[in-house]
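Chains as they are written, first to last, in the numbering used here: chain A, 1 to 377; chain B, 1 to 118.
These are calculated hints, taken from the structure and not from any lab test.
Some hints could be false.
As the list claims (entries may be wrong) - Taking CB as the label site, the calculated pair distances span:
| hint | chain 1 | residue 1 | chain 2 | residue 2 | range |
| --- | --- | --- | --- | --- | --- |
| 1 | B | S75 | A | E29 | 55 to 61 Å |
| 2 | B | A74 | A | L347 | 32 to 38 Å |
| 3 | B | Q106 | A | N44 | 25 to 31 Å |
| 4 | B | T54 | A | D4 | 47 to 53 Å |
| 5 | B | A74 | A | G11 | 44 to 50 Å |
| 6 | A | M112 | B | P73 | 44 to 50 Å |
| 7 | B | P41 | A | H19 | 29 to 35 Å |
Since the structure is predicted, the reported quantities are computational estimates derived from the model, not experimental observations.
We put the beta carbon where it would ideally sit given N, CA and C, even for glycine.
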Amino acid sequence: MLDDYLAGSVGQLLERARHLQGAISKQFEPEFRALALTCRNHVNSLIPDLQNLLTDPRYKKPKTQGIRLRAYKLLVDELDFIECVGFAALDRINPEDTLMTRLVADIAEELMYPLIPPVVSCQSHFSSYFHAFPALNLLRVPLKEGHFLLHLPDLYHELGHFILTEQNNPVVEPFLKAHTSAATTARGHMAALLSKPTRGPKTTQQHLLAWTTCWMGAWATEILCDLFGAFAVGPAYGWGHLHLCAKRGGDPFLVETSPDSSHPPDEARMFVMLEALVLLGYHKDATAIEAHWRDLHSFGGYKSNADYQLCFPNNVLKRFVEEAFAGYQAMNCRCSAPNSGCRVHDLLNEAWKQFWVAPANYSAWEQRKQSDLFPKA
Amino acid sequence: MSETGIYAGSYQHVRNYARSVDRLLLDLNSGTSPTEEAVAPVVSLLEAMQDEKTAAPSIQLLEIRWKQRASIPASRLAEIVSELRTQQISPRTLDDLEDLASLLDQERADMRLKLRGV
Numbered sequence: 001m002l003d004d005y006l007a008g009s010v011g012q013l014l015e016r017a018r019h020l021q022g023a024i025s026k027q028f029e030p031e032f033r034a035l036a037l038t039c040r041n042h043v044n045s046l047i048p049d050l051q052n053l054l055t056d057p058r059y060k061k062p063k064t065q066g067i068r069l070r071a072y073k074l075l076v077d078e079l080d081f082i083e084c085v086g087f088a089a090l091d092r093i094n095p096e097d098t099l100m101t102r103l104v105a106d107i108a109e110e111l112m113y114p115l116i117p118p119v120v121s122c123q124s125h126f127s128s129y130f131h132a133f134p135a136l137n138l139l140r141v142p143l144k145e146g147h148f149l150l151h152l153p154d155l156y157h158e159l160g161h162f163i164l165t166e167q168n169n170p171v172v173e174p175f176l177k178a179h180t181s182a183a184t185t186a187r188g189h190m191a192a193l194l195s196k197p198t199r200g201p202k203t204t205q206q207h208l209l210a211w212t213t214c215w216m217g218a219w220a221t222e223i224l225c226d227l228f229g230a231f232a233v234g235p236a237y238g239w240g241h242l243h244l245c246a247k248r249g250g251d252p253f254l255v256e257t258s259p260d261s262s263h264p265p266d267e268a269r270m271f272v273m274l275e276a277l278v279l280l281g282y283h284k285d286a287t288a289i290e291a292h293w294r295d296l297h298s299f300g301g302y303k304s305n306a307d308y309q310l311c312f313p314n315n316v317l318k319r320f321v322e323e324a325f326a327g328y329q330a331m332n333c334r335c336s337a338p339n340s341g342c343r344v345h346d347l348l349n350e351a352w353k354q355f356w357v358a359p360a361n362y363s364a365w366e367q368r369k370q371s372d373l374f375p376k377a
Numbered sequence: 001m002s003e004t005g006i007y008a009g010s011y012q013h014v015r016n017y018a019r020s021v022d023r024l025l026l027d028l029n030s031g032t033s034p035t036e037e038a039v040a041p042v043v044s045l046l047e048a049m050q051d052e053k054t055a056a057p058s059i060q061l062l063e064i065r066w067k068q069r070a071s072i073p074a075s076r077l078a079e080i081v082s083e084l085r086t087q088q089i090s091p092r093t094l095d096d097l098e099d100l101a102s103l104l105d106q107e108r109a110d111m112r113l114k115l116r117g118v
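With the rest of the complex left out, here is chain B:
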């Protein structure tokens, strides 16, 4: 019966995802070769999104919202993961990751407003 309790937990997840994606984008956009430490959390997130049956609901939710927002076909997730693993990152993947980063930022900001009871 918490009025807004849900956002407390989800917020942490979204914040962590947002930080991970932006950390990777910061490397990629500044011409720095990303470390495994920067790539792994994003790959892990994208791989979890690919498995709708076992992904945590918060990840399934994110996947739904990303697909709705950017019209990302299911096959794109595997392509992005492959590019990240091989560090052969195309401009399209950079755009898709930027879109995911924007979505996460928006989600985070929306959740924060609800935490404040607005």
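If we strip away everything but chain A, and leave its shape as in the complex, we get:
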């Protein structure tokens, strides 16, 4: 059955790959050429693999049919991914994509970012918000994000994701080592809890195992990226997180019990951001953000809970801050400082000052600042 099925389906996929190549056979602006080349090369690398599914004699053995099916699914996924993300970004480039791509390049220059800045595509889906695709050096943001300043600090967080997926690059190694070291500390903390003889019912043990998995997966990464953002853009990052949580967040102390949790609780994220701001000398800003953060808790009726305290002790979180700060500095990235003279950094921080000084007038102020965000070349 599999022979016949693949003969038909793989033939169709090969034709689809050819269609994709045809769709990007045109001229692109310089910022987008690397993405076009990556997409073209990626599709070209998939074509022989697809053909192998039909011709490799090893796939004729009965014992290899499971492997063959897995290989087929993987190739379908890869073609889907490159079409839905990479080619989709190239197919719809508009002036906003170009402006946002140049803005991220300006940010990268300001903070002495060690990698080639990603291309930005303003087409996030509803659930995606800001979304990094390191394999394509591509970042998706919501459609109209470039017209507003208050969430743009999240761009700095996303730049952290590209660093954490970099390989064989000595310049970013200090930050990768910080990631490993801090995550291993968290794993050690969970292992100590698991080894305690009085750890309670079996469900608690299952939760501890799930949380260990989360720490080694998304939680450590997200916290490192939050710290990258806080070190890079300063108070604006903390305010941006508060803003996001006020708009879209739930209980900031809620510790998910699924091993697939994608983010740590917002309280833990805010804790490390505030610690980072204090390290940078932003004591007053950290105090102000924390006061507003506690107010939000109060309005929502949110309180700390036993799971949160078990899973996110301050000493573990502080270790993340220490490791990340050392790693950030060792990459020679610029640390946020008041009135740094960096256009985007200063504008995003000024935006939050204006927001709180005259909230009702903020929107008009923000619109007047569009030309500062995107100066004409």
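Put chain B on the given structure of chain A with help from the hints.
Showing chain B alone in chain A's frame:
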């Protein structure tokens, strides 16, 4: 604050591991003697799993999940590495590698669903 940003990077790692393990299994299950090029990435992955202190978090995560799923004792990793190095591969090692391949395939598929925002 990426909603799903983490999966972009992890996905690449898991995909690469999945490809490496399946490439080796394809040789082993088809009676082909695997080349050093096919063995080395899998040995490298298994060796990294053995060192919990220095392994990248994504590898530590994989090791945790594999052990939970297949009840693999810590000592088994060294045995599998030794068999791969000497190309004296037992049926038990083939089963364990197949289990790892299935886990990687499942992880990859789960991550892909999250990338789509489902």
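Here's how the hints hold up against the structure:
no.	hint	verdict
1	B:S75 with A:E29: 55 to 61 Å	holds, 56 Å
2	B:A74 with A:L347: 32 to 38 Å	violated, 53 Å
3	B:Q106 with A:N44: 25 to 31 Å	holds, 29 Å
4	B:T54 with A:D4: 47 to 53 Å	holds, 48 Å
5	B:A74 with A:G11: 44 to 50 Å	holds, 46 Å
6	A:M112 with B:P73: 44 to 50 Å	holds, 47 Å
7	B:P41 with A:H19: 29 to 35 Å	holds, 32 Å
The structure fails hint 2 only (numbered hints given earlier).
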